[in-house]
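> Everything in the sequence shown is counted per our numbering, starting at 1 for the first residue and increasing by one.
It is worth saying that the hints were derived from the structure and are not from the lab. Glycine included, each C-beta is placed from N, C-alpha and C at the ideal position. Warning: the hint list may mix true and false statements.
[Claimed, not checked] Okay, derived cross-link-like pairs now, BS3-like style, lysine-lysine, Cα gap no bigger than 25 angstroms in a straight line:
| id | residue 1 | residue 2 |
| --- | --- | --- |
| 1 | K302 | K372 |
| 2 | K339 | K372 |
| 3 | K101 | K372 |
| 4 | K302 | K339 |
[To be verified] If you anchor each label on the Cβ, the simulated ranges turn out as follows:
| id | residue 1 | residue 2 | range |
| --- | --- | --- | --- |
| 5 | T242 | P292 | 34 to 40 angstroms |
| 6 | N385 | Q132 | 25 to 31 angstroms |
| 7 | D366 | P292 | 20 to 26 angstroms |
| 8 | A190 | P104 | 20 to 26 angstroms |
| 9 | S125 | A388 | 36 to 42 angstroms |
| 10 | L28 | P393 | 19 to 25 angstroms |
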Amino acid sequence: MRNASVVLLLIGVAMLSASVGVSAADKLCADAAMPLANREFVLAPLPLVNLPGGQALPVPLVDPLGGVLRSLVQGRAAEPLKQVPIDDALNEARNLDPALKFSPAEQKRQQNSKACRVAYANLVSTFLPLRQSFGLGGLPADVALTQFVGWWLAPERTAADRVTAMPVLNAQRAFDSACLSRDIPAEIDADAIRATVGLLVFNDLPVCVAFRINQSSILTARHCFVQGSGELTQMAKALSETGTSARLWFQYEAEINNRFEVCRASLPKVDEVELHPERDRIKMAIAATDAPIPAWEWADAKPGQSLYVRGYFPFGSEVSFLERLRGSSSGGCAALVVKGKCVLNGCQSLPLTSGAPVFVRPDPGDTSAPLKVVGLHLGSSSYGNTVAPSACPNLKPSDLPSGNFAFQFREN
Numbered sequence: 001m002r003n004a005s006v007v008l009l010l011i012g013v014a015m016l017s018a019s020v021g022v023s024a025a026d027k028l029c030a031d032a033a034m035p036l037a038n039r040e041f042v043l044a045p046l047p048l049v050n051l052p053g054g055q056a057l058p059v060p061l062v063d064p065l066g067g068v069l070r071s072l073v074q075g076r077a078a079e080p081l082k083q084v085p086i087d088d089a090l091n092e093a094r095n096l097d098p099a100l101k102f103s104p105a106e107q108k109r110q111q112n113s114k115a116c117r118v119a120y121a122n123l124v125s126t127f128l129p130l131r132q133s134f135g136l137g138g139l140p141a142d143v144a145l146t147q148f149v150g151w152w153l154a155p156e157r158t159a160a161d162r163v164t165a166m167p168v169l170n171a172q173r174a175f176d177s178a179c180l181s182r183d184i185p186a187e188i189d190a191d192a193i194r195a196t197v198g199l200l201v202f203n204d205l206p207v208c209v210a211f212r213i214n215q216s217s218i219l220t221a222r223h224c225f226v227q228g229s230g231e232l233t234q235m236a237k238a239l240s241e242t243g244t245s246a247r248l249w250f251q252y253e254a255e256i257n258n259r260f261e262v263c264r265a266s267l268p269k270v271d272e273v274e275l276h277p278e279r280d281r282i283k284m285a286i287a288a289t290d291a292p293i294p295a296w297e298w299a300d301a302k303p304g305q306s307l308y309v310r311g312y313f314p315f316g317s318e319v320s321f322l323e324r325l326r327g328s329s330s331g332g333c334a335a336l337v338v339k340g341k342c343v344l345n346g347c348q349s350l351p352l353t354s355g356a357p358v359f360v361r362p363d364p365g366d367t368s369a370p371l372k373v374v375g376l377h378l379g380s381s382s383y384g385n386t387v388a389p390s391a392c393p394n395l396k397p398s399d400l401p402s403g404n405f406a407f408q409f410r411e412n
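Let the sequences and hints guide you as you build the complete structure.
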């Protein structure tokens, strides 16, 4: 990896705009003894290439973080994206459990999800004829879509590559409009969600979501720092280099103009054990925040229970990456299979959403506190194939409906 203190030149126009002109107050760890050189980012405008329709994208540049992002979206243990075919997930879940029941509010959301189903089908039909162009031929549609995220983020993409991919980008944004929402559901305390969910940011790019569990600690997925084999990611290695000025930040909506350093002492230095779901969490110290922590508690999920996950959508057109946080707006974001600590669900997950808390979504009119958390989002349901039987008793590979996987750690 190139010198980690070199400023990362961003690969997205909106990502660049999110950095320029923003004066974020840096909160540093009290025990930080690292040089502050290059802490203040100075970004030069990127050369742009014009695309059909008046759109513009930057000319691809060397990106020392590219390998980190690709390891997150392509690694065996890390499958942060699962755009869920609602009907398939629900039908599979009902076949597994004919007695599965949803609340009237959840049933209504499922009945009103036609626009999302159409958008998902259009995304797949747009993507499949082009996947050979992306080097992703021969893979199932959902797997190939996961791999496309890494392809899109890769620094070696040419202007021609990005022109070829524009139909997929447009289909992704149509999926966003039909299936996702920036707005937090009215029955969930929006201020509480904004005070507990944030992004981990390295070199001005989000890499994972994190759960703020108190004023000086966050919880997130370990695979953001450790690959499935047990080897540290490039980002984790860069942050552990002696004398480096590279920093990892936590940013969240409750204090939108601040960023909080993730204290280096709590980052993994070496991790030689193969990663499995029951190990896939890490608690880290951050520079203490001022905002109070809303009341929250761990809760056991129940089959059919509505859920809410807030994650990151990299194809958004918003200027600020915090404005690209999304949650499912359609039906199916519910617990479909619950086995011990494993919660298989139909929530739409987004690239780099790993580490996000999975909340219980109350019925409309029920705004009772505290927030209830059933687990951390770790990836697609296929990740559950590697879980230890003792952690999720009676979970079989056949019990994995199309969708996503959350694991409950009960870490405070």
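> For every hint, state whether the structure bears it out.
We went through each hint and held it up to the structure:
A C-alpha spacing of about 12 angstroms is found between K302 and K372, which places the hinted pair at or below 25 angstroms, so the restraint holds. Between the alpha carbons of K339 and K372 the distance comes to roughly 18 angstroms, so the proposed pair stays at or under 25 angstroms and holds. With a C-alpha separation of about 20 angstroms, the suggested pair K101 and K372 falls inside the 25 angstroms cut-off, and the hint holds. The straight-line distance between the Cα atoms of K302 and K339 is roughly 10 angstroms, inside the 25 angstroms bound, and the hint therefore holds.
For the pair T242 and P292, the beta carbons lie near 37 angstroms from each other, so the given range of 34 to 40 angstroms is met. Our hint of 25 to 31 angstroms for N385 and Q132 holds, since their Cβ atoms are close to 28 angstroms apart. A hinted range of 20 to 26 angstroms holds for the C-beta pair D366 and P292, which are about 23 angstroms apart. A hinted range of 20 to 26 angstroms holds for the C-beta pair A190 and P104, which are about 23 angstroms apart.
For S125 and A388, the hinted distance range of 36 to 42 angstroms is satisfied, since their beta carbons lie about 39 angstroms from each other. As the Cβ distance of L28 to P393 is approximately 44 angstroms, the hint placing it in 19 to 25 angstroms is violated.
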